[in-house]
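Q: Quick note, the sequences are listed as chains A and B, same order. Read in the working numbering, the first sequence has 403 at position 403, and its numbers run on one by one without any break. Read in the working numbering, the second sequence has 69 at position 69, and its numbers run on one by one without any break.
Hints are supplied without guarantee of correctness; some may be wrong.
Claimed, not checked - Incomplete in silico selection of chain B near chain A, CB under 10 angstroms: (1) 38; (2) 42; (3) 44; (4) 108; (5) 114; (6) 190.
Hint data in this document are derived by calculation from the structure and do not stem from the laboratory. Where is the CB? At the ideal position from N, CA and C, for every residue including glycine.
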Amino acid sequence: MNALFGLALKSAWNRRLTLGLTLLSIALAVTLLLGVERTRVAARASFSQSVSGADLVLGARTSPVQLMLYSVFRMGGATNNIGWDSYQAVIRHPAVAWSIPIALGDSHRGFPVIGTDAAYFEHFRHGRGRSLSFAQGRPFDGLFEAVLGAEVARRLGYRLDQAITLSHGSGELKQSEHGDKPFTVVGILAPTGTPVDHSVHVSLEAIEAIHLDWQGGAPMPGVQISPEQVRKFDLSPKTITAALIGLKQRTAVFKVQRHINSYPKEPLLAVLPGVALDELWRVVAMVEQALLGISVLVVAVGLAGLVAVILASLNERRRELAVLRSVGAGPRHILALLALEGASITLAGLGLGLLLLNLAAWLAGPTLEARLGLTLALQEVSPAELKLLGAVFLTGVLASLLPAALAYRQALTDGLTPRL
Amino acid sequence: MRDLPGPAILLEQLRFRWQRQAPLCLDIPALDIQAGERVFLYGPSGSGKSTLLGLLGAVHQPESGRIEVLGQDLARLSGSGRDRFRVDHIGFIFQQFNLIPYLPVLDNVLLPCRFSARRRARAGQDHGRQEARRLLEALGLEGEQLGRQASQLSVGQQQRVAAARALIGSPELIIADEPTSALDADRQDDFLELLLQECAAQGTTLLFVSHDHRLAPHFTRELSLVQLNGARP
Ligand SMILES: Nc1ncnc2c1ncn2[C@@H]1O[C@H](COP(=O)(O)OP(=O)(O)OP(=O)(O)O)[C@@H](O)[C@H]1O
Ligand SMILES: [Mg+2]
């Protein structure tokens, strides 16, 4: 076998161009396959990491997926709010450790505005249970103070003490500006890779204040209440959109959920984030499958290339293999020679593919993380990926055995008396 | 069994055809060649000389009849057994020289030693390298030429490399299919002289095929395939 290795090497070097191209096509196919797989995993991770601390999400009665989408991921609009009184009533349950109210509906230059309270900065968890930290400044304290997510500050180039105004709704309409009540930026959060980065945070009272002279989504004509005057009004919140709830003990989660869902005075909904996410995955599973299917096809094309190259070169190698047999190389040598080549090309293709993938992750990772909240870190090969790679490797070796079998059958008789 | 003097090649009722429907290509009632003989086999082009050699080297299988080489009945060997037997005991010089194009001259010569422990052992120390150099030098190849790839050799040079490859490790039987066809007269003489000398020194049986009848006097026996062969291809 030792003798064979050197031969295989020299023979392959003799055909380096075609083999190099095959290797490249396998590598690119593998890069794509793993790229899709990693993006899929990263997307899932980034979703579940956005709510890592909360045991329940509370909102108006709607579908669990929709509640998750608008309350946690800020996608789509809330259909209904819930009353502050109801909220206060249900979180009084003894199993509740903390809760973060969330009032949505306003925006700043396309970024959603979150009305919340101090609990947000204390109890919100993302990633593997990390709490929020400030890159600069502090939590809001006064009425017209705002805390920016990292991306908001970065993209709009905002610093501390910047004055900003909020818009009603998602801000398409010019006249729905809350232009008369500017906010001051007092804090900028460190990046989290979650929707928090894209949010502007103000107090629930502030949300109340900027809507004092509004009714039904538009300013009341003739009524103008200045920022100085608003403080005289009762600014305690009347409604919120959703809430994240943490429990003292996870085991109580179903009890609390039942407690909330059967709240008599208002239709409320509490969902377990994990369960709702699973439902979400079932919705997007088809897209994922399609993507995976495409990349499997790409790998198949790469492997077909390998077989094609080996088969094509078999014709020119027929002579070579016959000569080897004439000097004593047995069938198992020939088989080993071709399988060795197939295996090493596939293996090298896998290695190169991984290298390319990590290079791509290294180059594009920061951008992806900032724009989409996807963390494509340089990472070790996961067991799932290992399975994919193993499948590619096996197919590659099997693919190269087919020509090997052919080669063996032809080798002597055909090779030593070459046809013209 | 193999080192006893006795027939090196024994044929009985050998019949061979290329395809099932094709006419017989070879039909040889009997032929035996004793160990140590140096036989010259001649016949016109297309008369079946290469085919017969292929049968002796267990490259083809006969339709019927018996082939014994060095006391071994070839029909009793398995596929890989034939490969093993061939490399261990027979030095083949094919009509087409059959070198590996991307290997250097020296490595081409050493190929049988790579696959056969027997040939390696018989080729002497250094895995046969010294022996390979000696043979190549005797055939007029030396120095820088030994490191050159086979694909960069002239046809005559390739033929000499193929001869050295057949001789290395002193197989008991050398089968040479027109090995001098591409050599000029001087080289042809050198080549024949070396081949015969090596065979005499080792007691090797030699079966040498050519259509050039002028070479016949160098050998201990000459055979006409046309006379041997009952079939008329
Ligand atoms: N692979 C093959 N398939 C079918 N017929 C073949 C094959 N090889 C040779 N033949 C036929 O067998 C006959 C003998 O061929 P062979 O090569 O043995 O001749 P030869 O005596 O060696 O000729 P030359 O002196 O030209 O080398 C020829 O008629 C040839 O057409
Ligand atoms: Mg011939």
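Q: For which of the previously enumerated hints does the structure constitute a violation, in increasing order of number?
A: 1, 2, 3, 6
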